[in-house]
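Protein chains in written order, with the numbering used here: chain A, 1 to 635; chain B, 1 to 295.
Worth double-checking, as some hints may not be accurate.
[Stated by the list, open to error] Here are some, though not all, of the chain B residues that point toward chain A, as calculated from beta-carbon distances under 7 angstroms:
{"#": "1", "residue": "G73"}
{"#": "2", "residue": "F110"}
{"#": "3", "residue": "V273"}
No wet-lab data here; the hints were simulated from the structure. Source: prediction; values computed, not measured. The beta carbon of each residue, even a glycine, is placed where N, CA and C say it ideally should be.
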Amino acid sequence: MKPPGSFAGVRRDVAFPMTGAALLAAVLIVGGAVYSAAGGATADKLVTAMLIDAIMVVGLQIYIGNTGVFSFGHIGFAAVAGYTFAVLAIEPARKSTVIRNAPWGLNEVHLSPVQATAVAALVTLVAAVVVGLGLARSGAKSGSVSAAVITLALLFVTHELALNWTDLTGGDRAGLSFRIGNTLEGRTVIYVVLVAVIVMARLFAQSRIGRLAQAAREDNLAARAMGVNPVAGQMAALLLSVLVVAVAASLRVYDIGNITPKFFFFDYTLLTLVMLIVGGRNSVTGALSGVVIITAGRELTRRFASDGFEFFGVSLDAPVVDWLLREGLTQIFLGAAMLGFMILRANGLLGDWELDAWLWRRWRRRKPEERPEPLAEIAPVGLHAEVDHEGAALEVHDLDVDFGGFRALDGAGLTVAPDEVVGLIGPNGAGKTTLINVITGVVAPSAGWFKVGERELTVAPSHDIARAGLVRTFQNLRLFGALTVRQNVELAARVAAQHRPGSHPPVDALIAEAGLWDVRDRRARELDYGSARRLELARAAAMAPAYLLLDEPTSGMSDAESAEMIGRIRHMAAAVDAGVLVIDHDLNFITGISDRIYVLDQGQVISAGTPDEVQADPAVRSAYLGAEIDAQRRG
Amino acid sequence: MTELAQNVIDGLGRGSIYALLALGIAVIFGVMHLLNFAHGELITVSGYVAYWVFSAGLSWYWIAPLVVLVSVGTALAIEQVAFRWVRGAADFTMLLTSFGVHFVVQAVFFMYVSASVRNFDRPRWITNTFDVGPVTIEVFDVVVIAVTALTLAATAAVLQRTMFGLSLRAAAEDFDAARLMGVKSDRVIRGAFALSGVLAGIAAIFWLMRAGQTTPSAGITPMLKGVLAALIGGLGSLRGAVLGGLLLGLAEVLLRSRLPDGIAGLTDGVVFVLIALLFIFRPGGLITVSRAERV
């Protein structure tokens, strides 16, 4: 058995991302240097601005990309940082003319640029914690409107403050400015920061916490069902991204030499967002490509607007063209870029693609990985060795659930012993899925309770229930689509490593067991239906659960596939030493897999026993099997 | 007491316009889950039309119906050019699409129409006031409130009594189910945009009467107010949108008159903080429209 931090894993998760990131930074830096050498002072300025924008946009990417939560507020954070930096770093002699009455004697303070940046970062991080807690409280998730509003509020509030708190900010007219010549010299600092930030962003995306954030982005509900608390990943991403944004803002102010309220407001928000989404917000490589493309496009349109159309020697000189190309063209370009990409390619040019993924694939082609040992041959895994399972039964008692006037569960209860496979059948609408939803914290019961062993879990949040060992699959597949097969399983294993005691099944073996070894580096959303079902099973098993709760694991499968699934589920459950509660309508499947069966009808358990007993029960025959058997006879 | 009564009337006048804008935004959100940041462009376009018509020597009696027509036309055109291509896309995609529309329209006006402010005369009666006891009431506020009330009543009648209204409400409840029941999605969505255009057009008349001018970026403020009002009320809830608009108007007027002098300039900022707090503690807005996720 390979140790968890195997060499190949380190290479994949650390070495290649760092190489890729360094390559990217090098391309940007060298390309920029060449362009500015060729183009003189204007080009020099343009490239410097682009490199700082690149830092800013990578900062945005860390949050928006990893969490999927849409933030309009990052430029608001930039404003906080920019003003803090300016107030602290501008020399007192200069401040005494603009902000003579600055509060707390700030007009006397004079810090070095590095110190000022550090303080600016700290202040902004404090603001980020407050906003982050608010976002968490609002239940922010991918695409949520409330998060967009809260962050938009931040942008406007900082702008209003900058306008009105003239004692500190100098207001709208003057703003704050450095003495000419007292600003950022050379690009060394920018280069260093840029490289560091790109590497950091790549490593974060690859890290445990980064993956948790991405899982919640891909499917909030499924992430919680895998024991992921989305708040943790979002908060980590927010703090790191705001740190980067704060540094970028300080650099921008220091480079340009002044700051006014509109400096970090709507226009800059639009610019950075367009850069982020054009290249692809889910990838650092994408974000940086966006920065280059948009910077180039903006420069071109600006030139067209001022000097007329001339592009690589082709020039158009007609009154119509001159009329068409005029000031404002860059704004149209930005708006159209956003609109065009949203309509034609919403995930940006590169989507999820990273440069290092390509490096990794090339490397692996040269050195193929060894196929792992099958699960059965790996000596006892799961909890059995360390934890005494006796008495850790899953008990569900008298659950009631009401949806409006409809009673979905009416005193339903059941028990599953460790190592037992229990089936739950019933006609459509009997309350089967509702029961699983209740015991995984998705739906709150109005009465009743459930516990595993001595631990009552009735009011626990989803992710705590999953960590306590109740892990489910979903009727309508919920995989983390943008993550690869291996990353899906790895994520569950990482959560288990942190929150589940005992030893854990090796990730590669589970993948092989599910018959997914050959597609392990494919993204989950590219899988065919059967493979996706098996991946859900493997992902749940990687949590080393006490109980696997399977919601229609064979729905949509052929009879032959269902039959094969019986062996696979039993084998995998035994290998990770989990009890199983499985729902299905397919009678052959349920009787084939279960040790015992509960029959649910209109929210009540109407029968329980071995498959034979249940099939012989007249109540069951009339409520459920009768209809089924008739249908089979006819069909 | 007198001051409060004064504030309430001013606030309702202001809030009525917000309510009309918010209702249009809520109608569109209901049928296609799009938070329309381009809603203010209807006012921008209407504003230039008002200016041209006015320059041609016509009076407000001509301008008013024209503005409504233009607003409806613009709403339908924007749907046709941009939003129909992102129907059913992720919320994120639709949100940014509307942003893109907003920026493109603004830039087009800036470049090809006029970068500077265009003025037109406001109708003479709008500054008239009359007194009821100690309270001074602007005729304009009374007109705005009355017309808004009529418009809302008419809208309610359309939504409750007509086949179109029924399909629209059904689609807002559950779009897929409505489609399976034979509601034509294309027609409902276009109808929703037309309705939002009518509402925005009426709001635009008042907005322009009071402003007496327009610029390429004139749509930003009304757009923000409308979006915020719709959000406060609870996105997708039509009643909520109206309620949100009135509340936003009242809150602004009350804050502006009650905040101490030093921070009165921060009214918008304070309103934003309040809204952020509302969203932190009630992410669905005041009237939460429940949308159960199927598991």
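Hints versus structure:
1. G73: violated (20 angstroms)
2. F110: holds (5 angstroms)
3. V273: For V273/B, the interface hint holds, since the closest Cβ of chain A sits about 6 angstroms away, which is under 7 angstroms.
The earlier numbered hint that this structure contradicts is number 1, and it is the only one.
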